[in-house]
Amino acid sequence: MSLQEYLLLAAALFSVGLYGALSQQSIVMIMMGLELMINAVIVGGAAFWYFTALDRPDGQVVIVLAITAMAIEMAAGFAVTTAVFRARDVDMTDMAADLKG
Amino acid sequence: MWREFVFWLCAAGSVVTGVAVFRVDSMARATFALLASFLFAAGTVLLVDLTYLGILVILMMIMEMVIMVVFMLMYMMNPAGLMPMTMVHNQKGSLAIAIGTFAVLATGIYLIDWPTSSAPQPEDPTMALGEALMGPKMLMMIVLGLALFATIVATVVLATHRGRYDRYGDRLDRDRPDDPVRGGVGR
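Sequence order for the protein chains is A and B. All letters in the first sequence, in the order written, are residues 1 to 101 by this note's numbering. All letters in the second sequence, in the order written, are residues 1 to 187 by this note's numbering.
Only chain B is shown next, with the shape it has when bound in the complex (with noise of 0.2 Å):
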């Protein structure tokens, strides 16, 4: 019975805050709302049983927002908060198409006939987790490897500001650095 009652507060939560993001004026506030959002979400995800899973979400959640928020000050176009923003394009088609979706989805959700399952639960979740991911799962693990390695190469080179590219030409064959401002090491 509590479950029930947990479960669609932290679904109603989860779902208000979520449209809050779009809502309110100030990025940091939207920021924060998706955090929420986020917390209500694991609290489904802890209700059932997935301790290591929805814990993971939170605590990683809470950082991410907090880094994020730090992105959001610098793009930020209303800072205090104190006007009222709307930066918006094609609201009604967007609307339109959320809803649409929307709609889609329930009608599958509710004319589905879903399989049940009558298998026993595992005694450890978070420990089937693990023996899949370095059993049958490996593969999925080492492409989530790959990518996030990836994903360092390719966020520090976007985020250069000037490159050894960009000093000494595109083949590094440039014998002085062509920099903006004179001095530094060999100059």
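Okay, chain A solo, but in the shape it has when bound (with noise of 0.2 Å):
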């Protein structure tokens, strides 16, 4: 166990998040995309407060911050699907690209 493993496995995460959010049309499977992204944040902040600073619990603060990111991008991801869906009978992206430049 070391940082660099550790920060490698967040990298992981982050990538297939990365490419999930990217490549799925579905709103639903884009959200989970970016709750793959912040468990890698999860992951770093875990590995930076063990690995460089135990006396300071910053990385566990920052751990708290991307919990709660997750729990408010659920909730609000699953509000915004509902009320296009209901408005537009839309649950996929390429369908609802009006505001594309």
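Each hint should be verified, as a subset may be incorrect.
What the hints assert, rightly or not - Some but not every residue of chain A turned toward chain B, in silico, with C-beta under 8 Å: (1) S23; (2) M74; (3) A96.
Stated by the list, open to error - Derived coverage of chain A by chain B (criterion: at least 3 residues anywhere in the stretch with Cβ under 8 Å from a Cβ of chain B; other residues may be distant): (4) 4-16; (5) 39-52; (6) 65-72.
Since the hints were made in silico from the structure, they are not lab data. Values in this document were obtained by computation on a predicted structure and should not be read as measured data. Quick reminder that beta carbons are idealized off the backbone N, C-alpha and C, glycines included.
Fit the two chains together into the complex; they arrive one by one in their own frames, and the hints show the way.
See below:
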């Protein structure tokens, strides 16, 4: 166990989540990709706390922040999905591209 | 030694189930694959003596994914997972970006000379976290509270089918609510 190995795991989780968020069409599947990316932040925060700053709880605070961000993301994401689906019967991003520049 | 073994088991499990989220044919299965990925990642958090946060992640993720699976069933295109499901756009580009990101991050991880800590481990990391949140990091806790409250309001507003502004007009000055079906209180 070393900082590098932990960060490598975080990087792998982040990349998998990034692939999902970029490639999936369904809004809920995109949210799963985002959650995987936040999961990487949790692993990274724990690793930084344990290996570089045991006497400062900053890494733990980052984990609390990430967990809350995850909860907010899921609640707000499903509310938006529900609103879009109710208004237009749409649950795919490609059908809700009105703001595409 | 056993920590090393458990770490690699959790790391491999977390990444494999994370990839499975986007490979399985049913969104319910994808949700549970994501849950497995979170549980393995929480295992690595437990390994660095963060008992409270590790268990918090485990409990919260179980609840969150069980709620999520209900929404998944609502919005699922392929309910039983009996047919192959691919709903992707620009797959090659996404794959290239993801692999490129991983390569850049991994290069950085092994090139950077990370600081090391010689400080002794606090007796109770949870106590240290609690004192930080109620002391120097209280601003973050206050902002989190506000953000969570804003989320409650926003989700209720977004999920409401017909609110009072739909029924009584934008200025709430209609005498009778504009409802599609007659009846109810006052009519």
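To see whether the hints hold, each was checked on the structure:
1. S23: Check passed: Cβ of S23/A comes within 4 Å of chain B, closer than 8 Å.
2. M74: At about 6 Å, which falls below the 8 Å cut-off, the nearest Cβ of chain B leaves the hint on M74/A intact, so it holds.
3. A96: violated (13 Å)
4. 4-16: holds (count 12)
5. 39-52: Contact hint for the stretch 39-52 of chain A vs chain B: holds, 9 residues under 8 Å.
6. 65-72: holds (count 6)
Hint compliance for this structure: hint 3 is the single one not met.
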